[in-house]
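Chain order of the listed sequences is A and B. Mapping of the first sequence onto the working numbering: position 75 corresponds to residue 75, and the numbering continues sequentially without gaps. Mapping of the second sequence onto the working numbering: position 47 corresponds to residue 47, and the numbering continues sequentially without gaps.
Read the hints as simulated data drawn from the structure, not as lab findings. A virtual CB, placed ideally from N, CA and C, is assigned to each residue, including glycine. All clues given are correct.
One-sided and incomplete, this derived list gives chain A residues near chain B with beta-carbon spacing under 7 Å:
{"id": "1", "residue": "Gly42"}
{"id": "2", "residue": "Pro43"}
{"id": "3", "residue": "Thr103"}
{"id": "4", "residue": "Glu108"}
Just the calculated beta-carbon pair ranges, DEER-fashion:
{"id": "5", "chain 1": "B", "residue 1": "Ser27", "chain 2": "A", "residue 2": "Glu52", "range": "29 to 35 Å"}
{"id": "6", "chain 1": "B", "residue 1": "Gly58", "chain 2": "A", "residue 2": "His10", "range": "32 to 38 Å"}
{"id": "7", "chain 1": "A", "residue 1": "Asn30", "chain 2": "B", "residue 2": "Ser111", "range": "40 to 46 Å"}
{"id": "8", "chain 1": "B", "residue 1": "Ser27", "chain 2": "A", "residue 2": "Thr38", "range": "23 to 29 Å"}
{"id": "9", "chain 1": "A", "residue 1": "Asn18", "chain 2": "B", "residue 2": "Ser65", "range": "45 to 51 Å"}
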Amino acid sequence: DTGVSQDPRHKITKRGQNVTFRCDPISEHNRLYWYRQTLGQGPEFLTYFQNEAQLEKSRLLSDRFSAERPKGSFSTLEIQRTEQGDSAMYLCASSNRDSFGNTIYFGEGSWLTVV
Amino acid sequence: GQNIDQPTEMTATEGAIVQINCTYQTSGFNGLFWYQQHAGEAPTFLSYNVLDGLEEKGRFSSFLSRSKGYSYLLLKELQMKDSASYLCAVRGVNTGFQKLVFGTGTRLLVSP
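Make the full structure from the sequences, and use the hints.
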């Protein structure tokens, strides 16, 4: 069990550029989540996948954001035309129906700074 | 919708006991979680309660009262490494079975 891994860990980009984050969940976890966290706040839910199907999407996820999980394994989160307000830590998490309480386990996060 | 309240900050002394409270409002309830988050790091799972009562795990315990919409996390024999933010999260039925909604977190500072 190698845990949830995310890449890159840090990204600095200019406003207007596109960025993509990758998440590899814990192996055999079929559920995958993206959250966003800003300083002093708790994580905010963005979207949820069960296998390759995107089953839930927050209103926070504007049309500049898109997430995919094409083969039900790794996932990508793309932000187009980045804005300064997108600066945050993007957290990926995964879970398995059989895990205790369907507990979700987070990756180390991808820090985005938009300048 | 859901609303989760927890104190913003608490301080305590090494070796002491501290209780971090969390109150929540939700039209459905399907579990309450506590996570620990050190500065700049991802949240790590501490505890899960779905039935009323106390769950104990080493130095950490978590309590739930569903009728009162109330939980607390109890940390005993505090250590310096316990300085972190503690996040209360609730999974509500009407927000989608799989989604956790987090509070803003309680920052705990443990001093010598």
